[in-house]
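Q: What follows is the residue order along each chain.
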Amino acid sequence: MLNKSFIQLILVQIRDFYREPASLFWSLLFPILMAWGLGIAFSKKPEQTKTIAFVVNENQNLNSFEKRIARSNFEKITDSLSDKFYYLVNFGDDKVGITHYRIKPVVKQQAELMVKRGNAALLLSMNDSSLEYHFDRYNSDAQLSYLQLSSLFKGEIISNQQSVIIPITEKGTRYVDFLIPGLIAMNVMMSVMWGISYTLIENRTKKLLRRMIATPMRRWEYIASLIIARIILCFIEAIIIFSFAYYYFHITIEGSVFAFILLFLSGIVAFSGIAVLIASRTAKTQVGNGLINLIVMPMMLLSGIYFSYHNFPDKVIPIIQALPLTMLADGVRSIFNENSGFIQIWKYILILNAIGLSTFAIGLKMFKWY
Amino acid sequence: MEIPILEVKEVYKHFKEVKAVDGVSFSVKNGEFIALLGPNGAGKTTTVEMIEGIQKANQGEIHISGMHWGGNEKAIRRLIGLSLQETRFIDKLTTKETVELFASFYGLSSKRVIEVIDIVNLTEKKGSYVQNLSGGQRQKLALAIALLNNAPLLLLDEPTTGLDPTARREIWNILIDLKKNQKTSLILTTHYMEEAEYLCDKIIIMDKGKILAQGTLDELLSANNSKEIIEFSTFDTFPSNFFCDDGVFKLEWDDRTNCGKLIVKSIVDQLPIFLKRANEIGIKLNRLECRKLTLDDLFISMTGKHLAD
Numbered sequence: 001m002l003n004k005s006f007i008q009l010i011l012v013q014i015r016d017f018y019r020e021p022a023s024l025f026w027s028l029l030f031p032i033l034m035a036w037g038l039g040i041a042f043s044k045k046p047e048q049t050k051t052i053a054f055v056v057n058e059n060q061n062l063n064s065f066e067k068r069i070a071r072s073n074f075e076k077i078t079d080s081l082s083d084k085f086y087y088l089v090n091f092g093d094d095k096v097g098i099t100h101y102r103i104k105p106v107v108k109q110q111a112e113l114m115v116k117r118g119n120a121a122l123l124l125s126m127n128d129s130s131l132e133y134h135f136d137r138y139n140s141d142a143q144l145s146y147l148q149l150s151s152l153f154k155g156e157i158i159s160n161q162q163s164v165i166i167p168i169t170e171k172g173t174r175y176v177d178f179l180i181p182g183l184i185a186m187n188v189m190m191s192v193m194w195g196i197s198y199t200l201i202e203n204r205t206k207k208l209l210r211r212m213i214a215t216p217m218r219r220w221e222y223i224a225s226l227i228i229a230r231i232i233l234c235f236i237e238a239i240i241i242f243s244f245a246y247y248y249f250h251i252t253i254e255g256s257v258f259a260f261i262l263l264f265l266s267g268i269v270a271f272s273g274i275a276v277l278i279a280s281r282t283a284k285t286q287v288g289n290g291l292i293n294l295i296v297m298p299m300m301l302l303s304g305i306y307f308s309y310h311n312f313p314d315k316v317i318p319i320i321q322a323l324p325l326t327m328l329a330d331g332v333r334s335i336f337n338e339n340s341g342f343i344q345i346w347k348y349i350l351i352l353n354a355i356g357l358s359t360f361a362i363g364l365k366m367f368k369w370y
Numbered sequence: 001m002e003i004p005i006l007e008v009k010e011v012y013k014h015f016k017e018v019k020a021v022d023g024v025s026f027s028v029k030n031g032e033f034i035a036l037l038g039p040n041g042a043g044k045t046t047t048v049e050m051i052e053g054i055q056k057a058n059q060g061e062i063h064i065s066g067m068h069w070g071g072n073e074k075a076i077r078r079l080i081g082l083s084l085q086e087t088r089f090i091d092k093l094t095t096k097e098t099v100e101l102f103a104s105f106y107g108l109s110s111k112r113v114i115e116v117i118d119i120v121n122l123t124e125k126k127g128s129y130v131q132n133l134s135g136g137q138r139q140k141l142a143l144a145i146a147l148l149n150n151a152p153l154l155l156l157d158e159p160t161t162g163l164d165p166t167a168r169r170e171i172w173n174i175l176i177d178l179k180k181n182q183k184t185s186l187i188l189t190t191h192y193m194e195e196a197e198y199l200c201d202k203i204i205i206m207d208k209g210k211i212l213a214q215g216t217l218d219e220l221l222s223a224n225n226s227k228e229i230i231e232f233s234t235f236d237t238f239p240s241n242f243f244c245d246d247g248v249f250k251l252e253w254d255d256r257t258n259c260g261k262l263i264v265k266s267i268v269d270q271l272p273i274f275l276k277r278a279n280e281i282g283i284k285l286n287r288l289e290c291r292k293l294t295l296d297d298l299f300i301s302m303t304g305k306h307l308a309d
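Just so you know, the protein sequences line up as chains F and C, in that order. Heads up, the first sequence is in our numbering, so the first residue is 1 and it goes up one at a time. Heads up, the second sequence is in our numbering, so the first residue is 1 and it goes up one at a time.
Treat the hints as calculated values from the structure; they're not laboratory data. From a predicted model like this one, the values you see are computed outputs, not experimental measurements. Errors might be hidden in some of the hints.
[Unchecked claim] Computed cross-link-like contacts, DSSO-like style, restricted to lysine-lysine with a CA-CA straight-line distance of at most 27 Å:
1) F:LYS207 x C:LYS126
2) F:LYS206 x C:LYS126
3) F:LYS207 x C:LYS125
4) C:LYS56 x F:LYS4
5) F:LYS4 x C:LYS250
6) F:LYS284 x F:LYS315
7) F:LYS365 x C:LYS56
8) F:LYS365 x C:LYS111
9) F:LYS207 x C:LYS265
10) F:LYS4 x C:LYS16
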C-alpha cells in the first residue's frame, strides 16, 4: 500500500501544514494558549479578592456602618493614589480558602456602574440601622458573598463551627483536568474538519482535483492520504498539547493509554467521514467555510469543552451526548481523570466509527471530482 | 494504414440550454500540431476536456490511438499529457515537489523530474514555492507536468492566455523544440491567431460549438485565394450606397471609427477604380493600405467577431 504516490500525497499535506504559519498557530499554539489562559484563570487560588460596593449618600456618616460591621474585625485602608479608603474584611482560613472583601463606599450611580461592568456583584446599603444586601439571586457568586459577609458581620468564625473540613486535592478534580481533555478532543475536530474539508473544497476550486484525476492517480489513494496525514498531524498536535499540560499543569493519563489511542483514532474516523461528506460537492470556498462552521460551532458550544454541559436543561442533554465531539471529549476525560479503560469507553469507540464510516460512504457516493 | 493518435467523430455535448459542442469531427495524425482557434465560449475547452476524459460526450465517438475511453481508462491516461485552463497548484509546495508529486502518479523517476523542469527552463526556480512564481512560470510548471510522461498526445488548453509577449514566446520555443522530435502530437486551444499560425500544422476554427473551417493555414487561405484587402479610413462619413462592381466581394464600414475594408479580387484592378470614385464624390481619405487576406480577416468574416471578443 505504501507506494511512492501515496507517500507523496501524504507529504503534500504535511508540508502544507508545517509551511503555513496560520495552521501552526491555530492547531498548536492556540490550544496551548487556551489551556494556559483558562487553566490559570480558573485554577482555584488559595486566596482571592472580591470588591463590594457600599452605597452612601453625600455627607452620610459612616459611623453607624462601621459599628454594624465591627464584629468582622475590619481594617480601614486608604488607597495612597486616589486618597479614597475602603474596608477590608477577610473570610476563611487555609482549609476553607481565604477571600478578601474590599468594601468601597461609593455613590449610588457609581455602585450601579460597578455592577453593570462586573466590578462588583453585591451592593450594600444602610437603612436606618439595618444593613441591606442587593444582588441578583441567580448569581451564585453574589449569593456566596452574601452568605460569607453576613456571617462575618455576625461575628461567626468558620473554624469554630462543628463541621469538619477536609480539602480535596486529588488529581483530576481541578478545572484544568476538565479542560485539557476537552481541548485535545476539540483539536481533533478542528484539525480534521478544516484539514480535510477545506483542502478538498479548495483543491476542487483550484481545479487541482480535476488535474490530478486526469493522471493515472488512484482516487482512493488521494482520499486515504488526506486521512492518514490527518492521523499523523492529530497525534503530533495532541502530543504537543499534552506535553505542555503535563509539564505545566502536571496532567497525566490515569487510565489506559491503549484505550485512549483507540478512542482518539475513532474520533479522527468520525470527523473524517463528516468532513468528506460536507466537502463532497461544493466548489466554493465560502460555502465550504459556512458548512464547516455549521458543523463545528454547535459542537464547540454544546459539547462541554470549556464548561460542563450538565447545566443545559435535562431534555437536551441526551442530544448533546449523542454529538461526536461530546463522546470524544467525555471519553478522553474519563480516561484521563477517571482511570477508565477500554471497557468503559467501547461504546464511544463503536458509535464514533459508525458515524465516520456511514458519513464517509455517503460522502464518497456523492463526491464530485470536478 | 496508420491509426491516427486521435479521432473525434460527430461529438455532441449539450448543457441544459447551451449546445457547447455541436457535432464536431476531426482527426490528428502522429506528430501533428493542431490549433483549436475560437473566441471564448466557442466550445474549445469542452472539446478538449471530452478528449481528456474529464467530461463525457452526449453523443459521438472519441478514439485515442484507436481506443475508446470506456474500459481503457488506465491505458489512455498514459497516452495523454495535458494542461487545463488555469489550474492552480498548491501554494506551499516548491516547483520540484509539485512535479515530483505528479511524477509519482506515473511511477516516474526523479531523473525525469529534473529533465522536464530543465525543458521548461524552470531549473532556477525549482526550489521556489508555487505561490512565488509569476504567471508565466506557473504556465511553464503546468507545461512541465504535461510533458512528464512523454505522452504521444499533448493537450494544452490556452497555455499562453494572459502572459506577456516574452513569456508567450518562451512557451512557443519550448513547443517548437518538442515539434522537432516528431514524437508528440499537440492539440492547443488559443485565441491568438499568431500562436496558431506559428506553432501549428493545422488550424480548426470553432464558434458556437461548431467547426467553421479546418485545414493548414495555406489551405484555409487558398480557399479564399483570390481575395485581397484594401483598408482605408476617412475624415468624414462614407456613403452606404458607394458603388462597388463585380471585382469587390464585400465592403465593410465602421461608422464609429470611420474605417472601411474592401475585400477584392485584385488590388491592381480595383484600387484605381476605388480612388477615382472616392475622388468623384469628394471623399477625403485619411489612410490607405493594401494587403493580402490573413487568418484574422477570415475569422472575422466567418464568425462576425474578433477573436478576443
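Q: If you check each hint against the structure, which ones fail?
A: Hints 4, 5, 6, 8, 9, 10 not satisfied by this model.
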